[in-house]
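Student: Sequences listed follow chains A and B, in order. For the first sequence, counting from 1, position 26 maps to 25 in my numbering; every step adds exactly one. For the second sequence, counting from 1, position 78 maps to 77 in my numbering; every step adds exactly one.
There could be a bad hint or two in this list.
[Claimed, not checked] Here are the simulated distance ranges between beta carbons:
{"no.": "1", "chain 1": "A", "residue 1": "E216", "chain 2": "B", "residue 2": "K179", "range": "25 to 33 Å"}
{"no.": "2", "chain 1": "B", "residue 1": "E216", "chain 2": "A", "residue 2": "D77", "range": "43 to 51 Å"}
{"no.": "3", "chain 1": "A", "residue 1": "D77", "chain 2": "B", "residue 2": "P260", "range": "47 to 55 Å"}
[Claimed, not checked] Derived list of chain A stretches under chain B, where covered just means 3 residues or more per stretch with a C-beta under 8 Å from a C-beta of chain B:
{"no.": "4", "stretch": "39-52"}
{"no.": "5", "stretch": "160-173"}
{"no.": "6", "stretch": "209-215"}
Hints listed in this document are in silico derivations from the structure and should not be mistaken for laboratory results. Remember, predicted model here, so these are calculated numbers, not experimental data. Glycine residues also receive a C-beta, built at the ideal position from the N, C-alpha and C atoms.
Read off the chains here:
2 protein chains.
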Amino acid sequence: MSSEGSSIMDRVEVLYFDVFGTVVDYVDTVTKALRWEIANTAIADASVLQALQQDYDWRYFTLMWRQQYKLETKRLADIGNPDKVTVDQMHMNALNRLIADLPLAPGKESSRAVAHHATKAVSKALDQAWTQDVRERLNFTWHLLEPWADSVAGLQALKAHFKLGTLTNGNLNLMVDMAKHANLAWDFVLTADMMGSFKPDPLMYRKAMQLFDIQLEADAHKACMVAAHLYDLEAAKACGMTTVFISSRPTEDQLPAEGKPGYVDLVVADLLELAQFIR
Amino acid sequence: MSSEGSSIMDRVEVLYFDVFGTVVDYVDTVTKALRWEIANTAIADASVLQALQQDYDWRYFTLMWRQQYKLETKRLADIGNPDKVTVDQMHMNALNRLIADLPLAPGKESSRAVAHHATKAVSKALDQAWTQDVRERLNFTWHLLEPWADSVAGLQALKAHFKLGTLTNGNLNLMVDMAKHANLAWDFVLTADMMGSFKPDPLMYRKAMQLFDIQLEADAHKACMVAAHLYDLEAAKACGMTTVFISSRPTEDQLPAEGKPGYVDLVVADLLELAQFIR
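With the rest of the complex left out, here is chain A (with noise of 0.2 Å):
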């Protein structure tokens, strides 16, 4: 244990969570979500259904998912989402694109095993076959994200010493399913249909800290944004916070060669680490 670790988080009273990628595993879970339900669907064309069900690269599917959401929460922050539009709908509205429009991991076996047999054609099979029905099963697999291995007794060990709660772009109806399924202990749930932005809005950190009574000059650094994206981690140093990265996801940001950027205070493996400096 660093003794500069504890002292950083001596100051810290609120912790604030990144949510998607920080303390759940959406690659996973949404990858399995998609090739089960792509596993129980009935396309006659049996070329067609076996390039979806045995050649077709479900993860990639997923992250260019994930890509979509983020593109579109970074132009609502920037335009202050005026139609008040949900991480939900979000969800929607990029999987409708999605299948409309299948998209292929660049240089892969399974890619080109799809695109022989044509994309648009590949496309236009499950468009019809998966209907309305099935998209919502699939946007409601969001919900139900499954926690890393360290985030459940890692949060239940800092709840212990600090008020900790989310601060997410995702909507509080979403927040509140995931954390009763994956048991994500949180004193508080901050949302973006809450607050009315997305991060990384300054606006999003600085109600956040407003709420608890943090004042933004004098006592930023008692609110603490953790995080496994560098840009959350940029956008509340700004505000003044204390500013952690986890840095064993794999699916999210690595350190950059350099090393550690000068907006990070602390970096740790995991939550259970962090919770290790407490004293």
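Chain A is fixed; fit chain B onto it per the hints.
Tutor: Same frame as chain A, now just chain B:
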């Protein structure tokens, strides 16, 4: 068990709880804190000190403290809380006013004993003795209120079946402290400072439903307000919500002599009785 009660609860998905008085007992907790504080207060004039320590009715002081808060939230709900005053600040303002002008329980021996010492002089002595530190400690008592005997087990039982949280005029920081202290198993915490108004402003109930994707016209019955205050249930029913009155709280509203008002769907003694309607 009435099957009518189960029928009513069958259609509910999200439970929104009033907190002060409904889930926690502010009268007992706050009165004890005031008595502890005055027992540890030094005042040179022995007869004034005795009046405050032995004769004065601190339970009545607590009831008046609560009443001031109620009047203030009502006033701010009407004008939209332009200065973003939190319940913490309201409580402190009210405490200062009550110390400066000590309220006397009408017609009680204890009050006459204080009056005998000239209330103004007693107030003045207390005002000098209770420093800012003492007042902040007393004000923080509202963060540490004790649950009613059925509350913790009742919420746990209900949590297994419903999404459940607060819809309170309290502020977030206060509610999180209280939940950690009293072991209240909320899935979410919705508070006046998050929502930008106070109950019974319809905005509070509507926003609470929207955050769970409950359509205000078609599906409002899926949202259920639980309270020991009739004004709260009347306002919730006007927004279409299902309403449950908790009838066993001695310090809160009692059913009118003419029986259950039309805007109340279900009357239960406490949260454990409510949990028995799950089927």
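Student: Does each hint fit the structure? Answer for all of them.
Tutor: Results for each hint:
| no. | hint | in the structure |
| --- | --- | --- |
| 1 | A/E216 to B/K179: 25 to 33 Å | 27 Å, holds |
| 2 | B/E216 to A/D77: 43 to 51 Å | 33 Å, violated |
| 3 | A/D77 to B/P260: 47 to 55 Å | 49 Å, holds |
| 4 | 39-52 | violated (count 0) |
| 5 | 160-173 | holds (count 5) |
| 6 | 209-215 | holds (count 3) |
Checked against the numbered hints given earlier, this structure breaks hints 2, 4; the rest are met.
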